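Kindly generate the complete structure, drawing on both the sequences and the hints.
Protein chains: 2
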Amino acid sequence: MENFTFYSPTYFVFGKGEENKAGELVKKFGGSRVLVVYGGGSAVKSGLLGRVTDSLKGAGIESFSLGGVKPNPRSGLVYEGIDICRKENVDFVLAVGGGSVIDTSKAIAAGAVYDGDFWDFYMGKRITEALPVGTILTISAAGSEGSPDSVITKEEGMFKRGASGDAIRPAFSILNPELTQSLPPYQTACGITDIMAHLMERYMTNSSDVQTTDRMIEGLLLAMIEEGPKAVANPDDYEARANIMWAGMMAHNNSCGVGRSQDWNSHNIEHELSALYDCAHGAGLAVTFPAYLSFAYKHDVARVAQFARRVWGCPEELDDEEAALMGIESLREFFTSIGMPSTIGEFGGTEADIDKLANVACYGDGRDGKLYGFVELSEDDVKEIYRRML
Amino acid sequence: MENFTFYSPTYFVFGKGEENKAGELVKKFGGSRVLVVYGGGSAVKSGLLGRVTDSLKGAGIESFSLGGVKPNPRSGLVYEGIDICRKENVDFVLAVGGGSVIDTSKAIAAGAVYDGDFWDFYMGKRITEALPVGTILTISAAGSEGSPDSVITKEEGMFKRGASGDAIRPAFSILNPELTQSLPPYQTACGITDIMAHLMERYMTNSSDVQTTDRMIEGLLLAMIEEGPKAVANPDDYEARANIMWAGMMAHNNSCGVGRSQDWNSHNIEHELSALYDCAHGAGLAVTFPAYLSFAYKHDVARVAQFARRVWGCPEELDDEEAALMGIESLREFFTSIGMPSTIGEFGGTEADIDKLANVACYGDGRDGKLYGFVELSEDDVKEIYRRML
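Here the protein sequences line up with chains A and B, keeping their order. Residue 270 in numbering that gives the first Met the number 0 sits at position 271 of the first sequence; the count goes up by one each step and never skips. Residue 217 in numbering that gives the first Met the number 0 sits at position 218 of the second sequence; the count goes up by one each step and never skips.
For the record, the hints were derived by calculation from the structure and aren't laboratory data. A quick note: this is a predicted structure, and the numbers were derived from the prediction, not measured. Hints are supplied without guarantee of correctness; some may be wrong.
It does not matter which identical chain is meant; a pair holds if it fits inside one copy or across any two.
To be verified - Using 25 angstroms as the maximum straight-line C-alpha spacing, the simulated DMTMM-like pairs for lysine to aspartate or glutamate come out as follows:
1. 69 x 375
2. 153 x 352
3. 56 x 367
4. 56 x 320
5. 15 x 225
6. 15 x 208
7. 229 x 1
8. 297 x 23
Now the structure itself:
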């Protein structure tokens, strides 16, 4: 196990109706003038935004609002939010939505107290100061409710970049599984895939002697395999939604990723799929992960075989190679069973796209022609992985 | 799943040599005049205390020290520590040791800023204010390094009581597995048992639909079953110690105990064993847990059978009753295999003690004659459980 630090100071308030504590919680964490950030009309139509505003008002908190956050959130709205914060002396940013809304809120919170351009943080500057952020989560997927990360796309050039820092870890996060029940099966399945990918990116490690975190990851994956299909089949299943929601947080606050190298090749490879085909991140990951593992498993057959046996129940009698391949096939079948795609053809992709995809994956974002994760990948390797998605 | 809040703001610094960051960390969390609390001579002899003092000095921090904390820590030393804090304007309490040292430090930290008698907190008053506490952990067992709890014994009457509050959650905890390598096999096994008990007390629940936390607990137990015997057989096994240390923290910071009722009958029943026989808490738990489960499993055979199948690998073919009983036997055998006792006879106990043990367990600490956990236990039930320890 490698040396590490772990810090997850967020105050989590979990369960039915807990969004009505928004006002009380903002006050507890020092807010008196709040910018409420949200996405499309669903938070308005469902009455959620109204309940939150009422709760803030009831606690004597003044609120301002900024709607219109879209998936793959853009820098333009961040600048708007920063302007509001400065003009109105906002001292707290409250995100009501999923990962995109939370990431936008984090960017606004950091930018509002920074003299320069907030984009500096997304070019590599560590975030060390920010307004406190609270979240009311409506989609189980990105894990941003418990993470120190934010991903924003700059409109000029459409660069998608991440920033990080303990200062943008949410002060509190309200997790009410009821709020995720309105999510249709396809989006639910995309979220499930994203959560499982966060776990598997941590599982595929080159560190040895990491039994405790291995077992935690396996446990969370087993819970997702059991609860995921229930939520897809019956969106109103509160209990399945609740299990997924807590697993989604645990998958990404790094409790089970500490002390070990992590992979993240699949996220990097998927990135170009959502960029080119405008597909959902989760759907892209469902296509990417089995294709990637079918290429990468030879790097550490024993690890992938362990994953296959413990998570997918592959028989002990099989040798490592057979078990690994069967586990990868089980993963693919699971994604298909919850309605996820398994080829880029389903996004309209063809063999003609492969060179371009691989080139951007390997040289985009200032990369040096290789991807460095569980396995080191050359451009040819990446092409081969994309080819396995046809 | 039930509504809950979860809050674990401690900054964990894990790995080899990290105690040398003590000064830097105390400073980061606002300390400039520190009371260093420790136990017996081993922290001095091993050189640990010297390294910590050097690190504090190097960071320009003034330090005072209070040694002599014993297992089942006493109120007397807490009063001494409070006096030093007040006289010397101490603004940070640093625990160097195991659960007893940390619990003493938490009590001092709360008492130092409280006008009344610190014992009020151990009579039920919630701790809402305290000096910040840091810990340098030397024993994996109690989980106090990540918890909001403290247990102290009042010398007048020898009452053992707990206090709680987010204000005494450690600001930081340094977890260096090397520091646990000097612990002999018996104490190591006691710690392993305590950690497993913390997990099983959470596992035995009357809440339904708690798949995610079930799976996390099972994963952590499986890691302990694999890594525990390695550390007992070879105290210098850094990697086993590291896996146990992280599992010990995760077992008790409540990540995997949220949203579900918990048991704690075994801890309450064990309490009287360590009081009467002066045995180690972990050794008492090793005797108690299998005896308790052999009585209590009928309350929810399916749950105990699930525990037996997923944690102890009991065959799927067995019916729930057979699996449950086999799982309980596997648990007992595991404890025996790491050198733990399985009867009170090994502490010198006899049948003649049973009435007294049960009476104190059921009526001590202001109890009403029953224990309320996974199963509600009458005094006769508790007698029967003690009888199964003969």
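Indices of hints not satisfied (ascending): Violated hints: 1, 3, 4, 8; rest satisfied.
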